[in-house]
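There are 4 protein chains.
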Amino acid sequence: MPTRINFNVETLGKCKYDSPVKKGDFTGDSDRILYEISLESFQRAKTRKSDPLTMEVAGPRREIFFDPNKTRAGFVTCGGLCPGINDVIRGAVMTLWYVYGVREIYGFRYGYQGLVPCYFHDPLRLTPQMVEDIHKEGGSVLSSSRGPQDPKVMVNTLERMGINILFTIGGDGTQRGSLALHEEAKRRGLKIAMVGVPKTIDNDLCFIEKSFGFETAFSAGADALKGAHEEAVGAPNGIVIVKLMGRQSGFIAANAAIALNDVNIVLVPEVPFKLEGEKGLLAHIEKRLRTRRHALLLVAEGAGQELMESEAKKAGKDASGNVKLIDIGRFLVDSFDTHFKKIGLEANIKYIDPSYIIRSVPANPTDSVYCLQLAQNAVHAAMAGRTGMVVGQWNNTFVNIPIAMATMKRNTIDPDGQLWRNVLESTGQPANWE
Amino acid sequence: MPTRINFNVETLGKCKYDSPVKKGDFTGDSDRILYEISLESFQRAKTRKSDPLTMEVAGPRREIFFDPNKTRAGFVTCGGLCPGINDVIRGAVMTLWYVYGVREIYGFRYGYQGLVPCYFHDPLRLTPQMVEDIHKEGGSVLSSSRGPQDPKVMVNTLERMGINILFTIGGDGTQRGSLALHEEAKRRGLKIAMVGVPKTIDNDLCFIEKSFGFETAFSAGADALKGAHEEAVGAPNGIVIVKLMGRQSGFIAANAAIALNDVNIVLVPEVPFKLEGEKGLLAHIEKRLRTRRHALLLVAEGAGQELMESEAKKAGKDASGNVKLIDIGRFLVDSFDTHFKKIGLEANIKYIDPSYIIRSVPANPTDSVYCLQLAQNAVHAAMAGRTGMVVGQWNNTFVNIPIAMATMKRNTIDPDGQLWRNVLESTGQPANWE
Amino acid sequence: MPTRINFNVETLGKCKYDSPVKKGDFTGDSDRILYEISLESFQRAKTRKSDPLTMEVAGPRREIFFDPNKTRAGFVTCGGLCPGINDVIRGAVMTLWYVYGVREIYGFRYGYQGLVPCYFHDPLRLTPQMVEDIHKEGGSVLSSSRGPQDPKVMVNTLERMGINILFTIGGDGTQRGSLALHEEAKRRGLKIAMVGVPKTIDNDLCFIEKSFGFETAFSAGADALKGAHEEAVGAPNGIVIVKLMGRQSGFIAANAAIALNDVNIVLVPEVPFKLEGEKGLLAHIEKRLRTRRHALLLVAEGAGQELMESEAKKAGKDASGNVKLIDIGRFLVDSFDTHFKKIGLEANIKYIDPSYIIRSVPANPTDSVYCLQLAQNAVHAAMAGRTGMVVGQWNNTFVNIPIAMATMKRNTIDPDGQLWRNVLESTGQPANWE
Amino acid sequence: MPTRINFNVETLGKCKYDSPVKKGDFTGDSDRILYEISLESFQRAKTRKSDPLTMEVAGPRREIFFDPNKTRAGFVTCGGLCPGINDVIRGAVMTLWYVYGVREIYGFRYGYQGLVPCYFHDPLRLTPQMVEDIHKEGGSVLSSSRGPQDPKVMVNTLERMGINILFTIGGDGTQRGSLALHEEAKRRGLKIAMVGVPKTIDNDLCFIEKSFGFETAFSAGADALKGAHEEAVGAPNGIVIVKLMGRQSGFIAANAAIALNDVNIVLVPEVPFKLEGEKGLLAHIEKRLRTRRHALLLVAEGAGQELMESEAKKAGKDASGNVKLIDIGRFLVDSFDTHFKKIGLEANIKYIDPSYIIRSVPANPTDSVYCLQLAQNAVHAAMAGRTGMVVGQWNNTFVNIPIAMATMKRNTIDPDGQLWRNVLESTGQPANWE
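Protein chains in written order, with this note's numbering: chain A, 3 to 436; chain B, 3 to 436; chain C, 3 to 436; chain D, 3 to 436.
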């Protein structure tokens with residue numbers, strides 16, 4: 003791991019108010035956990051006599067930076083839907099209101115657009131009564147949008163409204179936007195805490211063990227697909243292709259496949275495959291049809307993009323700045339159709355894309371609890387004057403992480419690790435396609 | 003109603019064996035129910051002094067046609083998947099085995115292909131142990147296929163195997179195939195009972211109040227779409243288009259919309275619409291976006307086919323002989339995209355097609371019970387020598403209906419009836435689009 | 003059927019206002035359906051030259067009794083919870099508001115207590131916005147209570163508030179209370195329409211094919227009990243006793259058992275059983291344990307009350323006037339425990355009572371649609387000046403039924419009919435216990 | 003933490019066979035993780051110059067102890083049902099068979115009884131085909147029983163059958179039984195690997211972050227209770243008491259309460275309460291009824307046992323050796339009934355005990371994946387000759403833990419930690435009852 007790793011979270015200044023948190027253990031100012039926990043890394047650090055890499059433990063502090071009576075907090079939710087957004091909003095509003103006594107809480111609507119006056123999205127006033135039941139529905143009560151907005155204009159809005167804390171619920175782009183806001187505010191000498199709750203349904207954050215909504219998402223994926231196997235066996239030479247979320251990592255597809263146990267092939271961005279050749283996908287499926295008469299494929303949306311280069315070049319980027327993916331599911335349908343027509347084998351090909359159904363379900367109970375805890379720790383961090391950071395979980399402990407670290411790179415499936423081994427054993431598919 | 007209506011079910015001959023059914027009331031040989039039940043129709047019939055139209059009541063008969071010890075029964079499942087197929091198979095096998103003592107039961111695989119030797123689909127031997135838990139999974143344990151096969155070849159198979167009863171689980175085409183088998187068998191003087199359990203997930207059978215699997219299907223549709231509203235409101239000017247099953251009738255879309263209560267527009271084959279014009283769909287949605295900022299549309303797959311005539315001509319028919327439908331969902335996505343780009347209104351359009359998820363779920367408890375009862379009545383009818391018929395429900399009573407009647411025409415939503423009125427009130431959409 | 007049957011619904015007077023219902027077919031003033039639909043009953047009626055028994059068809063009338071601008075409607079929900087109550091309230095409020103233009107709608111809280119000033123339950127003002135999402139939760143937004151209140155006091159309240167229509171959602175007792183209100187109002191010359199939506203989770207109404215919430219209830223029962231079989235087989239000689247609702251009829255237990263297909267014994271009030279003796283329950287279970295090592299029993303709460311007479315005498319009645327049932331589940335646990343200890347067979351007995359979990363779930367999609375239709379027809383009836391009646395369904399048609407008829411007796415399972423035959427075949431239990 | 007902590011796992015001897023595991027990274031023989039991960043503990047350890055406490059990392063080893071061709075593995079499942087047991091069996095059988103090539107796999111039935119000949123429970127032969135779909139059902143395909151059996155007799159069976167590896171799936175008592183087997187085998191010089199997969203639905207294992215089935219259990223609890231709030235508000239002064247699992251720790255109740263967000267009071271064994279007095283439970287509920295008119299209590303089964311001492315003394319122990327708990331739910335019902343009758347406040351008290359429904363559901367997808375991974379690591383450990391151990395998870399890493407450690411004490415909720423703080427904030431209940 004390169005030395006540029008820096009897990010030190012920025013603060014707005016000295017904490018001078020007594021925390022109104024009444025119950026429980028406070029997190030000490032120097033409470034940190036080790037980033038690496040192997041015995042080997044311990045011995046290395048001991049030998050080096052240098053300090054090991056550590057992360058700041060999240061939680062309530064005995065002293066806080068903001069006077070709750072004068073604090074104004076704002077929320078913004080950006081990017082695609084993900085189970086648990088409303089749980090995070092609800093949990094943070096409840097903690098601000100009941101634990102800290104903050105009474106001025108605003109929800110900016112439609113992502114960063116809500117901070118830009120010309121869009122005319124009036125902010126909502128958030129109260130406990132208003133957020134009480136929002137976790138029972140999926141989506142975001144604040145709605146969302148994609149793409150950045152001008153930091154200067156947005157900080158103008160924050161300044162005009164007297165916002166001290168801005169909670170950003172969103173992915174990489176959103177958190178980079180939050181960093182830009184943080185820098186703009188700092189330039190102006192404004193003491194605004196920018197605290198993020200990182201959202202990525204793909205679970206691809208590199209210093210965060212589990213992103214909220216991920217478990218709900220892959221579980222909903224597994225549930226929605228219980229019948230896919232039946233569709234595959236229901237017709238002669240039935241092939242069912244299911245596309246699930248996963249732009250750069252296949253965690254949802256891999257976990258859903260393991261949980262389902264009916265999937266025959268999983269394709270993810272981390273493990274390239276090819277169509278043609280003796281060990282290619284087409285030959286593999288043909289063999290399956292001739293022996294087992296059906297095949298069920300689970301495909302992460304980012305898989306196989308390299309096979310569609312000519313189209314990919316034309317596709318460009320979406321409003322969030324993500325490369326537009328070519329529809330790998332459609333591509334496979336066409337490839338299979340051509341192939342099996344050519345060799346004269348009647349195949350019944352079906353394509354299922356349940357992504358929009360999955361990402362808009364309410365959080366399951368596990369994620370509900372997790373979202374609440376992330377939200378509380380985000381509030382604790384913000385009230386203690388932490389800024390330019392996101393809350394996360396590492397080594398089973400809630401931690402505060404600088405945005406710069408959290409957005410440094412993406413987490414992906416290790417093709418040599420336990421998860422992918424599980425997929426290979428569960429599907430019986432070849433370890434590689436060359 | 004024209005006089006050509008004839009609800010008389012054909013029989014193979016005189017019943018000469020005592021029924022082994024021990025428990026309960028037998029259905030009398032002349033037990034029939036009135037087809038029309040209004041007081042007015044009663045008075046008309048009374049005045050006319052002619053007999054009113056009646057249907058044969060289903061159920062066990064005191065005397066049966068087949069000797070259970072010598073009976074060989076077969077099953078075949080055709081067409082698309084539908085919740086409850088396995089419940090029907092299970093219920094009929096259990097009834098044959100435990101109630102009548104029939105021990106030779108076969109399942110032909112992959113639809114009518116299973117009756118044609120050159121496909122090499124060996125029939126399965128069905129026993130109670132084998133079917134015990136099959137209702138817990140969706141799909142069909144016998145698999146299915148589309149399209150007809152040569153009746154002569156199939157009757158050869160039935161004759162060679164000594165099958166006395168063939169249960170056909172399938173839609174219109176399947177039942178017409180069953181009628182062809184019945185006629186071919188009759189021509190050869192074979193006493194084979196052909197009894198159908200009509201399957202149509204669209205609920206579009208004209209003399210049958212409710213087709214099995216329909217409730218499960220629209221409920222699964224409603225469940226799967228709970229998040230569609232969240233997707234619509236989740237983005238600025240969010241438009242979500244959901245396509246549900248319904249080739250010639252919109253019962254699934256209509257019922258799901260009423261149950262969901264979040265849908266803004268329902269489009270069905272029975273109520274034509276147009277895109278352009280002051281009262282057209284585009285103008286209506288544009289108005290919604292400007293005032294409400296989102297729109298959720300539920301579209302039956304057969305809706306708006308007349309708008310895509312040029313493509314429709316090219317499409318041809320599928321293996322079942324159905325006209326291939328043009329994808330109305332995709333057509334709407336493109337139309338909306340073009341329109342809102344033209345007028346410079348940024349719209350976020352999403353398209354969800356959950357059909358394959360819905361049709362492969364297991365039957366819900368209501369349908370489980372209903373499937374069992376249909377299956378039992380199919381067995382009772384077959385054992386009593388009824389043939390060329392399907393079982394159904396009319397005026398809340400199980401009845402035997404000649405295949406010719408059941409396939410005469412399709413049931414559709416009455417645009418002036420209660421169901422469509424419910425849709426209009428639930429969505430607030432215009433009653434017509436001209 | 004005795005001649006005292008009278009399906010004529012009372013009206014408040016001549017309809018003089020044009021209905022604002024715009025869309026669809028009106029129900030004619032003389033539209034009625036036959037009560038009996040068998041060919042035999044037709045011939046009997048024809049011969050007798052008397053009129054056959056008929057029921058009034060429900061639905062919107064071309065002319066209505068109340069001026070919508072001056073109409074004040076009230077709602078009251080009584081008795082135990084049942085899935086769909088909120089759907090009925092929601093549907094009726096929406097129909098009153100949007101279809102008829104009624105703007106003064108009140109919800110009385112905590113059942114008939116809400117009509118009695120000394121309880122200090124202020125009525126709620128109901129609007130579309132308020133009821134929009136209430137169908138997503140179980141229970142009743144108006145809360146409920148058991149037992150009657152003084153009709154005079156309640157009519158005082160109605161008179162004081164100027165209520166023209168009172169919708170009562172509740173069971174037998176509630177509808178009898180509604181009849182008392184109707185008679186008291188009539189005595190005072192008040193034109194108040196009393197229209198009930200009969201609620202009985204047990205499905206035991208005699209002239210109504212299906213009570214709302216019943217399908218949800220038995221489905222929730224079946225779902226909740228998917229693991230009961232696993233509990234039974236999970237321990238040596240495991241006996242699991244599950245108690246479901248069903249005071250005088252076992253419809254929920256019977257349907258859940260058929261849908262589940264894992265149940266070994268169903269006990270209902272309609273089929274008496276005894277514990278002792280060669281063919282008694284204890285001997286039957288003992289035999290099962292020795293051969294199959296487990297037993298799963300489903301027991302309707304009203305079953306076997308005659309076995310516990312001495313306790314029953316002491317129990318008295320509850321606030322609704324129902325005889326307090328002795329806990330048959332607990333009685334069986336104790337009886338089995340004693341028996342198997344006596345004979346030295348170690349049995350692992352477990353008792354599950356999921357009733358409160360089942361009755362408070364939201365209506366499933368099928369019931370949601372059904373509740374809406376009942377609610378609309380209740381509103382149509384009330385606006386047309388019908389009173390002293392409940393809405394129901396008969397021969398698959400919505401009908402208006404006088405309260406006196408609907409509360410005349412209870413519907414029970416016919417031990418010789420198809421449903422119980424299904425139970426016997428599904429469980430393999432003896433047809434009788436003597 | 004006392005110095006008697008010893009995380010060193012015993013081994014049967016030197017690994018001498020090449021592992022057939024083909025894919026992925028092997029765990030090194032000295033791979034260990036730190037038990038404590040705080041910076042402070044690091045600095046302490048560094049200063050002390052002693053080795054820090056570490057745990058052995060689980061996973062496949064390059065060399066293994068057993069020759070797969072000659073290995074015979076056995077499984078036994080003991081104690082109460084818990085979601086995921088079948089997933090563990092399935093995952094371990096699949097790994098033994100497909101990854102290691104072990105072909106002789108046996109399932110002992112009804113817990114330790116299955117190892118004792120006089121019970122006549124023949125072991126099942128387990129194959130991939132047999133376990134393929136067992137994860138779709140709850141419970142245990144091997145059935146279970148409570149209580150210990152004579153280790154000598156059981157080792158006789160293992161020896162006679164030539165079992166080399168015994169997997170024990172069960173709680174504390176089961177693992178202590180496994181240790182006794184281990185010691186007996188060692189005494190005889192038998193090389194049998196005893197590897198446990200610790201099962202405790204209560205999540206109360208002290209060196210294991212999360213026990214399998216726990217997430218499914220509290221999620222099922224939360225789901226089953228969605229209507230409990232409706233029951234509470236559905237009647238005047240409605241009190242609903244729900245009892246959930248949790249003998250010595252309230253994790254299920256706490257997590258379900260947080261996820262549900264409708265619960266007003268949570269009672270757990272870790273936080274004593276009293277009934278009487280100004281700050282007692284009765285006074286608290288009375289206040290709630292007078293202001294909010296309803297109360298929903300969630301009670302862990304082990305809560306408040308100290309209040310029922312006289313009864314507790316009489317209760318004794320169950321077959322597993324656990325102290326028999328007095329029914330706290332029933333006790334609260336009676337206490338409330340007495341209290342509110344005494345003060346003349348009509349309260350409608352309902353009691354729900356869904357425990358048997360919850361523990362028999364199938365594992366949810368999250369637990370399915372987790373169970374598979376536990377199972378695989380159990381197999382890896384056994385094949386590498388580890389014994390007298392259980393697999394667990396610590397600091398988000400799979401580890402091997404000596405049984406002696408895992409059964410040393412129980413994990414409980416920290417009344418000063420985040421989880422209980424969440425409960426207090428979510429319910430608004432007092433932090434203490436004195």
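Hints listed in this document are in silico derivations from the structure and should not be mistaken for laboratory results. Take the hints with a grain of salt, since some may be wrong.
Pairs count within a copy or across copies, as identical chains cannot be separated in the list.
[Said to hold, decoys possible] Calculated lysine to aspartate or glutamate pairs in the DMTMM-like style (CA-CA distance at most 20 angstroms, straight line):
| id | residue 1 | residue 2 |
| --- | --- | --- |
| 1 | K48 | E38 |
| 2 | K188 | E348 |
| 3 | K72 | E106 |
| 4 | K352 | D329 |
| 5 | K154 | D33 |
| 6 | K289 | E12 |
| 7 | K289 | D33 |
Q: Check each numbered hint from earlier against the structure, then list the numbers of those it violates in ascending order.
A: 2, 5, 6, 7
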